[in-house]
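Peer 1: Okay, here's what each chain looks like letter by letter:
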Amino acid sequence: MPSTPVIVAADLVKKYGDFAAVDGLSFEVAPGESFGLLGPNGAGKSTTMRMVGAVSTRTSGSLAILGLDPNRSGPEIRSRLGVVPQADNLDNELRVRDNLIVYGRYFGLPLRHLRRRADELLEFAQLADRAGSKVDDLSGGMKRRLTIARALINDPRILLLDEPTTGLDPQARHILWDRLFRLKEQGTTLVLTTHYMDEAEQLCDRLIVVDKGRIMAEGSPAALIREHSTREVLEVRFGSERNAGAAADLEGIGRLEVLPDRVLVYADSGEAALEEVTRRGLQPMTSLVRRSSLEDVFLRLTGRSLIE
Amino acid sequence: MTLRDASLRGAPQRPSRGHGVAALYAGNARSVVGRGLLATRSTNWIVVLTGFVEPIFYLLSLGVGLGAYVGTVQDAAGNDIPYAAYIAPALLAVSAMNGAIYDSTWNVFFKLNYQKTYEGMLTTSLGPFDVALGEIVLALLRGGAYGLGFLLVMQAAGLNLAWTAVFALPAVLVVAFGFASLGMGITSYLKTFQQMDWITFFLLPMFLLSATFYPLAVYPEPVQWAVMALPLWHGVELVRGLTTGVLGPAMLVHLAYYAVMIAVGLAFTTRRLRALFLD
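Sequence order for the protein chains is A and B.
In terms of our numbering, the first sequence opens at residue 1 and continues consecutively.
In terms of our numbering, the second sequence opens at residue 1001 and continues consecutively.
Among the hints, erroneous ones may be present.
[Unchecked claim] Taking lysine-lysine and the DSBU-like style, the derived pairs with C-alpha atoms no more than 35 Å apart in a straight line are:
1) 134(A) <-> 184(A)
2) 1116(B) <-> 1191(B)
3) 1116(B) <-> 15(A)
4) 212(A) <-> 1116(B)
5) 134(A) <-> 1116(B)
6) 184(A) <-> 143(A)
7) 15(A) <-> 1191(B)
8) 1191(B) <-> 134(A)
9) 143(A) <-> 1191(B)
To be clear, the hints were calculated from the coordinates, so they are not data collected in a lab.
Bound-form chain A, shown alone (with noise of 0.2 Å):
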């Protein structure tokens, strides 16, 4: 189905002084795709995100938004973008509904078109029954639902969503997911920076993986593991002093990756490559065959972890 970008970045840079931040993006967006941006701390993707948002003005390269420069055209971008910034920012001094109404106010939306939206969103964002409230007797996760709700109020084209679930406990991550899940289904352009593989893999369509500000890898979760890492991954540890010297009589079975706290052994079969290991008469402490994932895609990709 050949149909025009919604987001289309060429050479993207953005510096900071001498300092690149975003150091040569490119990507395209699809409408109704779920993209994502996964990478560790610093690199690059909360910059990215303000430029697509057209908060921050790019020092190079090209970028377009809904067709759109947002260098010229900030205030028309910024009307047809839900954006979920990574650290709340919802009007304490608002109850729970009134956020949603005086946000949509700022986009100049009628009064009564605002009251029936911000009821149907707080429906969706199961908050109907706090509408009343203080945003400060929120949870956590209640917090991200109402931003989120408020990015919709102006039935923007393209979500934007910074980091969504980091610092929530599991149980709100997962109510989240299945939020952000339905508006993918309803055809909303998804737009979200992670470092958590899970999350890409749950969420997204295609991603790339950003380091330092450029990209080491595109394409969709399920491919960039069949491209850059194995079907599945041995996890052994033997003690944090004598992870590197057992990794010397672990060469041949795979490709070794060896971290801290235990060893990593990339094969198409954990369970084959287990018993090689123990026929080697070897004796982990502990071991754990698993599917690789993205965090073995990034660690293949960059030779750190995702997570430090």
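Guided by the hints, dock chain B onto chain A, whose structure is given.
Peer 2: Structure of chain B alone, referenced to chain A:
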């Protein structure tokens, strides 16, 4: 609901005029004012009240108390007027200034650094000029409310000596507008509570020395010029002329001073908001 203004004009406005202005101003400062009025419900009213009663205490202690010893003072036209009637218009200007300063410094400080209110506003189609203008209008409303209250106190105490005192209300709005627009721009540079104290450090001497409690003529000439450079002096003279009924061409100079202060303040604040949130 306090948001019911020109809201039903139809679909969302898509500013698509010349790019320079459209990037700064969406013509929607009223949504910022609406937000402020709604938020006022949870305002700390004690703080609001102290700003209002402070000049009244000055009027009581100095105007009534000290005034009993001072007797009369000569106004600009050479008429003898009661001391209380001399300082009351100055306190009126101060009360408008206090209202504007409170909103445009402490309130702005919190919204800027802690509540991230402006950050949220500027991810919408609002431009920095909408935010600046909306917030300044709110500060002006607070200044105007303080001023109106004090003007009524003056009327009740018989301290409005001429009918032109009715124009003192628009005059204090001008004064409030000036302080609010400059105050917000300056506040955008301040990051800590210690720095916020500088504002008081600057305002207190200005309050005491701007021909508030005695005529400018008591100073040596160089000091007179220094005082005449301060914004409050122009506000005091403007309001005093109106409540005592001594009008003159100097009033236009005072108004011009504020016109420049407002224009500079608005431009300055808009630039700062753009630099902070739309880099």
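Peer 1: All hints are to be evaluated individually against the structure, with a verdict given for each.
Peer 2: Hint by hint, here is what the structure shows:
Annotation: proposed proximity of residue 134(A) to residue 184(A) holds, straight-line Cα distance about 29 Å (limit 35 Å). Of the pairs offered as hints, the one joining residue 1116(B) and residue 1191(B) holds, with about 13 Å between alpha carbons and a cut-off of 35 Å not exceeded. Simply put, residue 1116(B) and residue 15(A) have alpha-carbon atoms about 24 Å apart, close enough for the 35 Å limit, and the pair holds. Distance restraint check for residue 212(A) and residue 1116(B): the Cα-Cα separation of roughly 27 Å lies within the 35 Å cut-off, and the hinted pair is therefore satisfied.
Our distance criterion of 35 Å between C-alpha atoms is met by residue 134(A) and residue 1116(B), whose separation comes to about 17 Å. Simply put, residue 184(A) and residue 143(A) have alpha-carbon atoms about 20 Å apart, close enough for the 35 Å limit, and the pair holds. Proximity of residue 15(A) to residue 1191(B) is assessed by CA-CA distance (about 24 Å); at most 35 Å being required, the pair is judged to hold. With a C-alpha separation of about 27 Å, the suggested pairing of residue 1191(B) with residue 134(A) holds against the 35 Å cut-off.
Between residue 143(A) and residue 1191(B), the direct Cα distance comes to roughly 26 Å. Compliance with the 35 Å bound is thereby established for this hinted pair.
Of the numbered hints stated above, none is contradicted by the structure.
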